[in-house]
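J.: Given the structure of chain A, go ahead and fit chain B onto it with the hints provided.
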Amino acid sequence: NAGVTQTPKFQVLKTGQSMTLQCAQDMNHEYMSWYRQDPGMGLRLIHYSVGAGITDQGEVPNGYNVSRSTTEDFPLRLLSAAPSQTSVYFCASSYAGELFFGEGSRLTVL
Amino acid sequence: DAKTTQPPSMDCAEGRAANLPCNHSTISGNEYVYWYRQIHSQGPQYIIHGLKNNETNEMASLIITEDRKSSTLILPHATLRDTAVYYCIVRGAGGTSYGKLTFGQGTILTVHP
Chain A
1 NAGVTQTPKF QVLKTGQSMT LQCAQDMNHE YMSWYRQDPG MGLRLIHYSV
51 GAGITDQGEV PNGYNVSRST TEDFPLRLLS AAPSQTSVYF CASSYAGELF
101 FGEGSRLTVL
Chain B
1 DAKTTQPPSM DCAEGRAANL PCNHSTISGN EYVYWYRQIH SQGPQYIIHG
51 LKNNETNEMA SLIITEDRKS STLILPHATL RDTAVYYCIV RGAGGTSYGK
101 LTFGQGTILT VHP
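So the sequences go chain by chain: A and B.
Per our numbering, the very first residue in the first sequence carries number 1; after that it's consecutive.
Per our numbering, the very first residue in the second sequence carries number 1; after that it's consecutive.
The following block holds chain A by itself, in its conformation from the complex (with noise of 0.2 Å):
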């Protein structure tokens, strides 16, 4: 099993650019999140789902889209990136209560 998979773990953008995280897991979890991290914090929950064709807002949900039709994939998009989203995301799957996270992926928003 790859686990969680997360792509691209590094990616610049100029303000404005719009792209996706791609993000994959293998263990037929339903549960899947995505977080971000900016320097010297914790993780902030960006947009969570309980299952295919379900979605909810977390924490700090502005800015973000997700959208869940398979069980597998559970990709992030930025519309319009701006500076403030220059952070690293990162996905996690879950089965019950214990989270499995991806390597992460870096962006930097110009």
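Some hints could be false.
What the hints assert, rightly or not - The calculated lysine to any residue pairs, modelled on SDA-like cross-linking and capped at a C-alpha distance of 25 Å, are:
| id | chain 1 | residue 1 | chain 2 | residue 2 |
| --- | --- | --- | --- | --- |
| 1 | B | K3 | A | G40 |
| 2 | B | K52 | A | E98 |
| 3 | B | K69 | B | H112 |
| 4 | B | K3 | A | D38 |
| 5 | A | K14 | B | I63 |
| 6 | A | K9 | A | S69 |
| 7 | B | K3 | B | I63 |
To be verified - What follows is a list of derived Cβ distance ranges for each label pair:
| id | chain 1 | residue 1 | chain 2 | residue 2 | range |
| --- | --- | --- | --- | --- | --- |
| 8 | B | M10 | A | A96 | 45 to 53 Å |
| 9 | B | P7 | A | P39 | 19 to 27 Å |
| 10 | B | T79 | A | Y95 | 24 to 32 Å |
| 11 | A | L79 | B | S41 | 23 to 31 Å |
Treat the hints as calculated values from the structure; they're not laboratory data.
Heads up, the beta-carbon is just placed ideally off N, CA and C, and yes, glycines get one too.
T.: Below, chain B without anything else, positioned relative to chain A:
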């Protein structure tokens, strides 16, 4: 979910036990205590969780007080590779609580030779 309070940093000598405290005085009866750690800039790693009873696995032990208002994560023989940020998290049981964890600032544990 209940809020948790952890010391910002702790030190431990290699080979000694590391005892990381966590206060969760507003915890509800059906809320679990979870511990994760984050080594450098990697994704957080699950360590252990518990509800009422003390728990032990290959990584650590979790001691929860009888009133459940605080807990201690114990790394019995700390190594340099245990240097990390340790997060204590309280999570509700079931439903939409799965996959949603509220991370605080955590405790930076430094294990020194």
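J.: Enumerate the violated hints, using their earlier numbering and listing them in ascending order.
T.: Numbers 3, 5, 8, in rising order.
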